[in-house]
Each structure stands twice: as C-alpha cells, then as structure tokens.
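Okay, here's what each chain looks like letter by letter:
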Amino acid sequence: MSRMLTLRIVVVLTLALGINYVAWRWLFSLNWDAWWIAVALVAAETYSLIDVTLFGMMMWRAYTRPAPPAPAADATVDVLIATYNEPIDLVMTTALAAREITFPHRTWVLDDGARPELAAAAAAAGIDYLSRGTEWIDRPRHAKAGNVNNALMETQGEFLLILDADQIPRPEILDHTLGYFTDDKVALVQTPQVFSNVTIEDPLGSQAPLFYGPIQQGKDGWNAAFFCGSNAVLRREALMHLGILGYVREVESSVRTALRDASRVVRGARRHPAARTPAVAHALTEVAAAIRQARAAIRHDEPLAEVTFALHERVDAAAAGIVVGEVTSLADDLRAIGELGGGPESPYLLDVDETIARLATRELSPFKALEAVRAALDTIAIDRGHEAQPVMPLATISVTEDMATSMRLHGLGWKSVYHNELLADGLAPEDVGTMLTQRLRWGQGTMQVFLRENPLLQWKMSVPQRLMYFATMWSYLSGYAAVVYFAAPIVFLVFGILPVSTNAWDFFLRFIPFMVANQLLFFVAARGIPTWRGQQYSLALFPVWIEACTTAFNNVVLGIPLNFAVTPKTRQAHTGPQWHLIKPQLTVMVLLVVAIIVGCVRLFVNGAEPIGTGVNIFWAVYDLVVLSVLFKAATYRGFTPEAAEEEHPDQ
Amino acid sequence: MNFRTETIAGDVAAIRADGRLNMVSAPLLRQVVSDAITAGSVRIVVDLSGVDFMDSSGLGALIGGLKLARQAGGDLRIAGATPQVALVFELTHLDRILQNHATAETAYRD
Numbered sequence: 001m002s003r004m005l006t007l008r009i010v011v012v013l014t015l016a017l018g019i020n021y022v023a024w025r026w027l028f029s030l031n032w033d034a035w036w037i038a039v040a041l042v043a044a045e046t047y048s049l050i051d052v053t054l055f056g057m058m059m060w061r062a063y064t065r066p067a068p069p070a071p072a073a074d075a076t077v078d079v080l081i082a083t084y085n086e087p088i089d090l091v092m093t094t095a096l097a098a099r100e101i102t103f104p105h106r107t108w109v110l111d112d113g114a115r116p117e118l119a120a121a122a123a124a125a126g127i128d129y130l131s132r133g134t135e136w137i138d139r140p141r142h143a144k145a146g147n148v149n150n151a152l153m154e155t156q157g158e159f160l161l162i163l164d165a166d167q168i169p170r171p172e173i174l175d176h177t178l179g180y181f182t183d184d185k186v187a188l189v190q191t192p193q194v195f196s197n198v199t200i201e202d203p204l205g206s207q208a209p210l211f212y213g214p215i216q217q218g219k220d221g222w223n224a225a226f227f228c229g230s231n232a233v234l235r236r237e238a239l240m241h242l243g244i245l246g247y248v249r250e251v252e253s254s255v256r257t258a259l260r261d262a263s264r265v266v267r268g269a270r271r272h273p274a275a276r277t278p279a280v281a282h283a284l285t286e287v288a289a290a291i292r293q294a295r296a297a298i299r300h301d302e303p304l305a306e307v308t309f310a311l312h313e314r315v316d317a318a319a320a321g322i323v324v325g326e327v328t329s330l331a332d333d334l335r336a337i338g339e340l341g342g343g344p345e346s347p348y349l350l351d352v353d354e355t356i357a358r359l360a361t362r363e364l365s366p367f368k369a370l371e372a373v374r375a376a377l378d379t380i381a382i383d384r385g386h387e388a389q390p391v392m393p394l395a396t397i398s399v400t401e402d403m404a405t406s407m408r409l410h411g412l413g414w415k416s417v418y419h420n421e422l423l424a425d426g427l428a429p430e431d432v433g434t435m436l437t438q439r440l441r442w443g444q445g446t447m448q449v450f451l452r453e454n455p456l457l458q459w460k461m462s463v464p465q466r467l468m469y470f471a472t473m474w475s476y477l478s479g480y481a482a483v484v485y486f487a488a489p490i491v492f493l494v495f496g497i498l499p500v501s502t503n504a505w506d507f508f509l510r511f512i513p514f515m516v517a518n519q520l521l522f523f524v525a526a527r528g529i530p531t532w533r534g535q536q537y538s539l540a541l542f543p544v545w546i547e548a549c550t551t552a553f554n555n556v557v558l559g560i561p562l563n564f565a566v567t568p569k570t571r572q573a574h575t576g577p578q579w580h581l582i583k584p585q586l587t588v589m590v591l592l593v594v595a596i597i598v599g600c601v602r603l604f605v606n607g608a609e610p611i612g613t614g615v616n617i618f619w620a621v622y623d624l625v626v627l628s629v630l631f632k633a634a635t636y637r638g639f640t641p642e643a644a645e646e647e648h649p650d651q
Numbered sequence: 001m002n003f004r005t006e007t008i009a010g011d012v013a014a015i016r017a018d019g020r021l022n023m024v025s026a027p028l029l030r031q032v033v034s035d036a037i038t039a040g041s042v043r044i045v046v047d048l049s050g051v052d053f054m055d056s057s058g059l060g061a062l063i064g065g066l067k068l069a070r071q072a073g074g075d076l077r078i079a080g081a082t083p084q085v086a087l088v089f090e091l092t093h094l095d096r097i098l099q100n101h102a103t104a105e106t107a108y109r110d
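From first to last, the protein sequence lines are chains A and B.
Following the UniProt record's numbering, the numbering of the first sequence begins with 1 at its first residue and continues without gaps.
Following the UniProt record's numbering, the numbering of the second sequence begins with 1 at its first residue and continues without gaps.
Everything labelled a hint here was simulated from the structure, so no lab data went into it.
Computed from a predicted structure; not experimentally measured.
By construction, the Cβ of each residue, glycine as well, lies at the ideal position given by its N, Cα and C atoms.
Keep in mind that a hint or two might mislead.
Stated by the list, open to error - Pair by pair, the computed Cβ-Cβ distance ranges are:
#1 B/Asn2 - A/Ala73: 23 to 31 Å
#2 B/Thr82 - A/Met4: 43 to 51 Å
#3 A/Ala281 - B/Gly19: 53 to 61 Å
#4 B/Asn2 - A/Ala124: 34 to 42 Å
#5 B/Asn2 - A/Gln293: 39 to 47 Å
#6 A/Pro278 - B/Asp18: 36 to 44 Å
#7 B/Thr7 - A/Ala310: 20 to 28 Å
Stated by the list, open to error - Chain B regions said to be covered by chain A (calculated; three or more residues, Cβ under 8 Å):
#8 23-29
#9 38-48
#10 61-75
#11 89-98
With the sequences and hints as input, model every part of the structure.
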C-alpha cells in the first residue's frame, strides 16, 4: 500500500507542477511575434499535460488484483483460435497447446482462409474446425469480428477463450481466469500479450509492458480494462446480450429509414407516365396508404415484425391488382431491364436519390418504374439482409472490434477484469514493415471507435470509464505533438526564432521540476519495467499515428475505405534495410543534424545567445536519440524473415 | 429441453418448447425452425408457454428463425411467453420487434 501512496503523491505533484508550467506558458511566456510556432508549441505541451493527467488518473488505481476464486466446476468453455492466413504449422502449434489446456473445454480453429489443409490437420488432431458458411458470400465479412461472430452461432460454451493464431496458451490459462466469472456481472477477463520471440533489446518495440501491466491495471481499477482481441475469456451471455440489443437498434433505425425512402420513391413513381394507367395509379395509391399506415403504427410503438408483415401483405394485394397487359409492352421492358442493369444489385441496397432522379427523367420504362417501387419496399425488412447474420455480438464498427466491444459491454453495466499473469506466449512480427502495418491498424481502429462512438458521449458509462477509453484515443493524437516537438528546436537553431518569450531562469524554474516529476511518475508507475523503448516508439512512429488519424477520419466522415491508403508492405525484410518505410523520420533526422550544425556555427561564430542555443541543441540531440531506434528497426532481420503477416480483408 | 412441431390451423407449424431455452438448446431450435421451413411450413409460431428460462442465445435463435421464415416468404411469431420470459424480451428491447401472442392458435389470427 505504501507504493500506492508514493504513486499518488507523485501523481499529484506531477499534475500540480504541470499545470503551473503550462499555465505560465499560456499566460506569460508566449512569443506572439512568432505566434505560428509559439502557439503550436504551447498546444503540444497542453496536449502532453492532458495525456499525463489521464495517465495519472489511471495510476491512481493501478492495483494488483488478489487471486480469483476457484472456477465453477461445471463451466463450459469453447477455445476459439482465429486465423486468416498464418502458416498451418503456427496455427496447429497454438491449437495443440489449446487442446492441452487443463480445464475441460472444446477447441475450435476458426479459419477465415477456409484452407482444406488446415481442416485436415485439425481433424487429424481431433480439433474442431469452422469456416464461414454460404451466408457470408457477397456480404461484409468484418474480418476477425465476423469470424468470431460466425463461431458464436455454431458453438455453445458458456465462456469463450479467444486466441490469435500466434498466441500459444499455457495449460493453466482457464484455471486461473474462469474464477472471476463467479461474479455474474463479469463479462471479460483479459490477460497480457507478451512475445517470446523478442530479444531483451526488443528492436521493434513489440512488448508493451507498461500497457499489459500498470496501464491495464489502472483502467481495471476504474472497471475499464479493455478487450485486446486475444488471450481473453468472454462470457457468451454478455456478447449475445450486446448482439440482441444491436439487432433491435439496427432494425428500428433501418425500418424507419426504409419507410421514409419508400414513401419518397412512391411519390416519384406516381408522377411517372406509368401511373396514368388507372390500375397502376390505384395500386400506387394503395401502396402509399400502406406505407402511411405502417409509419403511423410505428409511431404508436407497435412491434416491427407485425408492422412490416402487414405492410408487405397489403402491398402484395395491391400489386396483384395490376393486370400485366395494362403495362405497355412488357416483353420489351423485360429485355430493357437486362440491358439497363443499373438497378439495385441487392434488395437491401437502394440508392434512393438515384432511383427518384431516374423516375423523374422518365428514363425508366413503366415496368422498371414499378420495379423501383418494389425494390424500395424490399428494403423494409427486419432480417438485416445486408449482413450474413442478423445478430452480430462483436462490434463491427472498427478494425479494432475488441476495444469497441468492451466499451459497449461497459456501457451495458458489465464488468471487466485485467488479470496480470503471463498465460500465453505470443509471436511478434519480425520485420519493420509488418510492425508498422500492425501499429497503423491499431491506431486506425482506435480512431474509428473515437469518431463513431465517442466514449465521452457514452452516458451509460461512468465518467472515469469514459476517460479511460478516451485516454487511449488521446494518446493516438501524439503524432501531431511530435511534429511540433521536432520542429521547435529546428526553427530556433536555424532561424533564431524562439517560441518562448522569457528569461532562462523563469523557464527552468517551472519546466525542470515538471519534467523531473513526470519522469519520476513513469519510473514509480513502471515498477522497474523497462519503458524507454515504448517512449521512443511513441514519438518515433509519429507518421504512423498521423496516418492513422487521417485515414480513420476519411473513413468515418468521408466514407473512404481504410485500405485506400496502402501502406508499403510489399518488400519483405530479407531484401535488406527497410529505409523506404521510415522516410519521414529520416528527413527529420537530417534536419535535426543540420540544425545542430547551424546552431553550433551561430553559437561559436556569430555569438548567439548561449543558454537558448544550448537548450535547443540538447533538445535536438534528445530527438535524435529517440529516433535512432528506427535504425535498429529498419535493419532488423528477425528470427524467421517469413514471419506471418497478420492481414485481414477489412471493411 | 425438447421441441415438438405440429401443424395447427391449416398451414401453421407450431413449435412447442419445454424447459430452458438457452445457449445449449438455441442451436437446436434454429435447426427445428429450419427443418419446418424445409418441410414447407413457412408460417411458424414458437410456443414459449413451457419455457421457464431464456437467455440472449435463446433470443438469438428466435431472430435467426425469423430471418429464415421471412426469407422463405413466411413469418415466425411467438406465443404464450410467461412473465419471466416476457421480461427477457423487455430487457433486450426485443419486444419492440416481436409481439407475444396469447396462444399459438391465435398467433396468425389477424
């Protein structure tokens, strides 16, 4: 407990000194003559203060949990191993280890690659094998979330242990985690992801000891530990609960939208020449009335299954009233339909504006005009026909379905647990390209969740829970701050422009205590865990974080697919150092070196102000040391260069 | 848990469920619905009067059956839910979509 007390004192101290420093920066030391760099720098510093505040809040409750009670002896468990294209040997190594887990369970390989060799290998080992059924053809596959959702419909266990193909479980993994579920409100137990194929030096920064340790424990202290996709046990009932609520929400909104769209299409059709035929006009009037009736029923909270069923029956009756012969030259029209081909490909996808526009230009034949009405009516459905399964328990709003799912679970009042014990041995990517792609995905997924379901607005979660999710999203904005932290010393050393307007004493008096407290906080929080590699990467990967933010924004707001901006991953590690992957960082390093040289020249030849120049040279050297990690990364050859590249066909 | 399928009121297939409709029996219910549709009965009613416990997986099976029935041009309705079971529908808001009819026999009497 004394460690917690020390930690809390350091948290308070850091925040007090941080606020003191940043407030002084805003109020008394901004160099307005160079406002473009001055404001950028103080904004970056404010960003960092908020970051450390959220970190401090996390550390406030970073307890180690006591051992859980014994598991219920009759608990039923499915162990699900999700794979897409990892080598069969790798998947089977994990599957065989999973089979040997001591607590009674059933092991399943979920093969999104539908590989017959893997099916055969699993069968030979007596392990169950699943791949996607025909219902997934031509529908969104939702990557790993879809894979697990598919398996949820085929399996029956009360609990699910989810493993990536490269996470080899230890036999005691279930014995040590299932006990938490004796609390009926616990939906998730997450354990660490640690990699066994990484040297102590960890050139690619694969290990995340601060995250799978103090950070998750701190989030856990606020009941906000989150699901990280693998090495976690979930309660089926919690996931299905989420799936049912999601189905209802989705159906309610889609039926409302579809009814509104259909009434617009019918209005358009009634202005079409076809509507001059009395029978057609009568049918359209009847359809319009049916839609009006359905909308009124929904306003009166009548169940949607009944409302939509009644609507379709009434519409079918109206359609039966149209005698085919009254619609001119049907045969020609049928031929024209084949040539037109512009109609909706699936009854669930309808471009309403396009349809109405075409009805208005009378480009459509009368028969096709009625078809447009029919297509609009077909979208009024309660079966979520555009998806393979009506119930999608794991969230599909993000490429990091794990985080999105646990946030929704917390919103429903379920609890999560972070169990800080190594219970699976993972294999990390072994080349810089794969590592960068993986980090980009995490960043993109996190920002998708931020933009689609902003945790700050999830009023069903407690305020600390919201802040804990927000903290992770906030940390992905660091790329922008990093650019400023690299630019500021360069701007000073090269152009002599100082963003801070003060004397050295005033600056050091406020800055150095904050910096020292900040480092002390990390030191105490980390409990001797090495954190330097992580600190280097959080700055050095700034182009990845920026790309993650921009592509996620383009995806969520502008509807551009994430994969549109293709990351360079075609060249593999064995072709030599991967300099092309870190061009922005190399550019920054060159600029920093040039800035240091120019700074020295100005100092020794031109007699520049020594303290400011010295501070900025020190700062630039620090930046170079941070970025130097990438030399090791780019030249790293790994143990096995053909390391499985985890890549899924995402949305 | 067991399910019995019988034909009532002409062409309606009534599936009578007894016991616990949960994650264990849910896949079976989906299969029973699917079999009824394959056998030609697209108008289905699931009689829940004998169900004393139901979880979200049970609800999932009903939704799955509803989808199958609708795609076959028919419907799936529920009847006879006890207050405990009706509460599960309310808690998940599934009562916004499915209406509980008094008995299987009246489910299709519009």
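Hints versus structure:
A beta carbon spacing of about 26 Å between B/Asn2 and A/Ala73 agrees with the range 23 to 31 Å that was offered as a hint. Between B/Thr82 and A/Met4 the CB atoms are about 50 Å apart, so this pair conforms to the stated range of 43 to 51 Å. Distance hint for A/Ala281 and B/Gly19: a CB-CB separation of about 55 Å, consistent with the stated range 53 to 61 Å. Separated by about 35 Å at the C-beta atoms, B/Asn2 and A/Ala124 satisfy the suggested range of 34 to 42 Å.
Between B/Asn2 and A/Gln293 the C-beta distance comes to about 40 Å, which sits within the given range of 39 to 47 Å. A C-beta distance of roughly 55 Å is found between A/Pro278 and B/Asp18, which places it outside the suggested range of 36 to 44 Å. Look at B/Thr7 against A/Ala310: about 24 Å separates their beta carbons, and that is inside 20 to 28 Å. By the rule of at least three residues with a Cβ nearer than 8 Å to a Cβ of chain A, the coverage given for the region 23-29 of chain B holds, with 4 such residues.
With 0 residues carrying a beta carbon less than 8 Å from a beta carbon of chain A, the region 38-48 of chain B misses the three-residue requirement, and the given coverage is violated. A stretch counts as covered by a chain when three or more of its residues have a beta carbon under 8 Å from one of that chain; for the region 61-75 of chain B and chain A the count is 7, and the coverage holds. Beta-carbon proximity to chain A at under 8 Å applies to 7 residues in the region 89-98 of chain B; the threshold of 3 is reached and the given coverage holds.
Violated hints, in rising order: 6 and 9; the structure is consistent with all others.
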